[in-house]
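**Q** Here is how the chains run, residue by residue.
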Amino acid sequence: MTVEAAELSAVGIHEVALALGDDCLVLSHRLAEWTAHAPELEEEVALANLALDLLGQARSLLTLAGETEGRGRDEDQLAYWRDDREFRNLLLVEQPNGDFAVTMTRQLFFSTYQELLYARMAAGTEPRLAAIAAKGVMEARYHLEHSRLWVQRLGGGTEESHRRMQRALELLWPYTHELFEASPPWVRAADVGALPPPTAIEEPWRHSIEALLAASQLEIPDFRAWQSGGRQGRHSEHLGHLLAEMQHLHRSHPNATW
Amino acid sequence: MPPTYSENSRELAFQEAIDADRTVEPRDWMPDRYRSTMVRQIAQHAHSEIIGMQPEGNWITRAPSLRRKAILLAKVQDEAGHGLYLYAAAETLGVERRELLDLLLAGRQKYSSIFNYPTLTWADVGAIGWLVDGAAITNQLALTKTSYGPYARAMVRICREESFHQRQGFELLAELSRGTPAQHQMAQDAVNRWWWPALMMFGPPDAESPNTAQSMAWKIKRVSNDDLRQRFVDMTVPQAGALGLDLPDPQLHWNETRRHYDFGPIDWDEFRQVVGGQGPCNVQRTAVRRAADQEGAWVREAARAWEGRQQGRTSAA
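Protein chains in written order, with the numbering used here: chain C, 1 to 258; chain U, 1 to 317.
Honestly, the hints are just simulated from the structure, not real lab data.
None of these values were measured; they are calculated from a predicted model.
Glycine included, every Cβ here is placed at the ideal spot set by N, Cα and C.
A portion of the hints provided could be inaccurate.
Chain U regions said to be covered by chain C (calculated; three or more residues, Cβ under 8 Å) [to be verified]:
(1) 41-55
(2) 59-70
(3) 81-93
(4) 177-191
(5) 289-300
Starting from the given sequences, assemble the full structure and let the hints guide the process.
**A** In structure tokens form, the structure reads like this:
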């Protein structure tokens with residue numbers, strides 16, 4: 001018996017695109033905060049590249065979110081005119097940059113997730129999400145390669161870099177569980193094959209991270225007090241400050257074009 | 001010790017090659033003073049690119065649309081890239097990037113004084129693109145024919161990207177100028193603040209520029225400070241008209257006899273003050289650079305240690 005695959009509704013596409021677009025927008029902002037502060041000139045170029053790729057993905061996803069919402073909102077209206085309770089990004093991506101080890105650990109966790117997610121979404125049943133993922137997965141692979149290399153270098157570099165890497169893992173580990181939470185929009189999208197079920201990427205994510213950390217003389221933190229709520233708009237205190245900075249100029253001139 | 005006969009003859013041959021418009025390449029013999037002048041100039045240019053990331057980077061997180069944010073991020077990234085090629089060009093003269101960065105941090109090498117002014121509003125991003133990059137291109141187009149080959153070739157590539165930045169700055173200001181009254185005023189205010197510092201970017205008047213004669217003979221410099229400044233003014237005045245913005249100089253007018261724009265006197269006291277370290281942001285720019293360098297030291301050290309271990313592993317295998 002063959003069953004015709006059901007399509008993801010416009011509302012369903014809107015919810016998924018908004019959540020994934022917010023991840024990219026917020027992480028891009030954090031990476032851009034490194035401008036002129038990176039440890040090495042090559043790293044200035046690399047971090048700006050990551051920030052630009054993610055900003056590009058955010059623009060495509062938020063544009064799609066606006067189109068499927070049917071309220072006439074474009075990428076800028078979604079980026080600049082929503083308050084923190086309306087943002088749907090993961091708590092992980094809004095966490096402050098900390099030192100370079102924290103930034104690279106956050107990137108490792110996120111890029112590993114994004115690469116697994118996009119690779120499957122690109123083969124999913126929703127053509128517009130699939131198209132964005134097909135382009136984004138190439139970028140995610142490069143981001144992943146970059147962050148993996150740094151985690152290895154820092155893990156196996158000096159005593160200090162090893163200590164900082166281990167501390168960064170402990171700091172961010174509580175935010176990793178949220179990556180695989182079965183939020184209602186995700187479940188609806190997974191039911192029609194637009195996204196993989198969260199459990200389908202959780203296992204490969206853990207396997208990949210565990211193998212890398214073991215090879216880099218780093219330990220998986222023994223921690224179970226998971227933090228979550230980002231997908232429902234319940235964020236950490238950090239997001240409000242990030243948005244205040246990002247949105248103030250745009251909001252100071254309502255109806256202006258730039 | 002007086003120069004020996006052979007040094008004299010080498011120097012003569014060097015000058016002949018320059019006079020015949022041949023480029024100087026890294027392995028060619030060159031007078032020590034040529035080498036040190038080139039190192040200083042290329043390093044100063046490289047430092048300007050990386051210090052210049054600060055005033056513009058100041059607005060990335062606040063850019064008022066996602067499109068403008070992407071343009072600005074890409075621009076600041078280009079500056080880091082320009083810094084990289086320029087340090088590499090300097091390295092062909094037998095110095096290391098690290099040494100040059102240390103000289104910058106010690107205040108023993110300079111960067112362009114223009115970056116010691118603050119970017120107070122979003123319109124400053126446009127004014128930097130239009131005026132500062134416009135002045136930089138005027139200067140750098142002349143440098144595409146400079147006698148040192150690696151520098152001349154780096155300039156060709158950099159000019160291409162800079163022209164793009166200048167157009168983006170112009171377009172940003174055009175949007176503001178024809179926008180709301182508040183946006184227009186923001187653009188005018190930025191142009192008022194950046195115009196004179198942009199004119200100072202070409203350096204002191206020819207009569208007071210001690211390095212010019214030797215640099216011209218060696219074709220390091222191909223056009224004098226005052227001539228470049230005039231080119232820039234002549235190019236920019238009509239663009240200001242197209243933007244609908246005023247330039248803050250009541251003496252600016254077309255001189256039919258000279259076939260150039262005349263302009264008012266430049267405040268060279270201000271220039272000397274900023275070059276001498278007393279500008280609005282000198283302390284801040286250097287402090288940010290120093291902090292980034294110090295806070296990144298453990299990362300660079302870890303990378304070196306790891307690299308060393310990898311090589312050890314390969315050679316042991």
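**Q** Hint by hint, note whether the structure agrees.
**A** Quick rundown of the hints versus the structure:
1. 41-55: holds (count 3)
2. 59-70: Since 11 is at least three, the answer is holds.
3. 81-93: holds (count 4)
4. 177-191: holds (count 4)
5. 289-300: holds (count 9)
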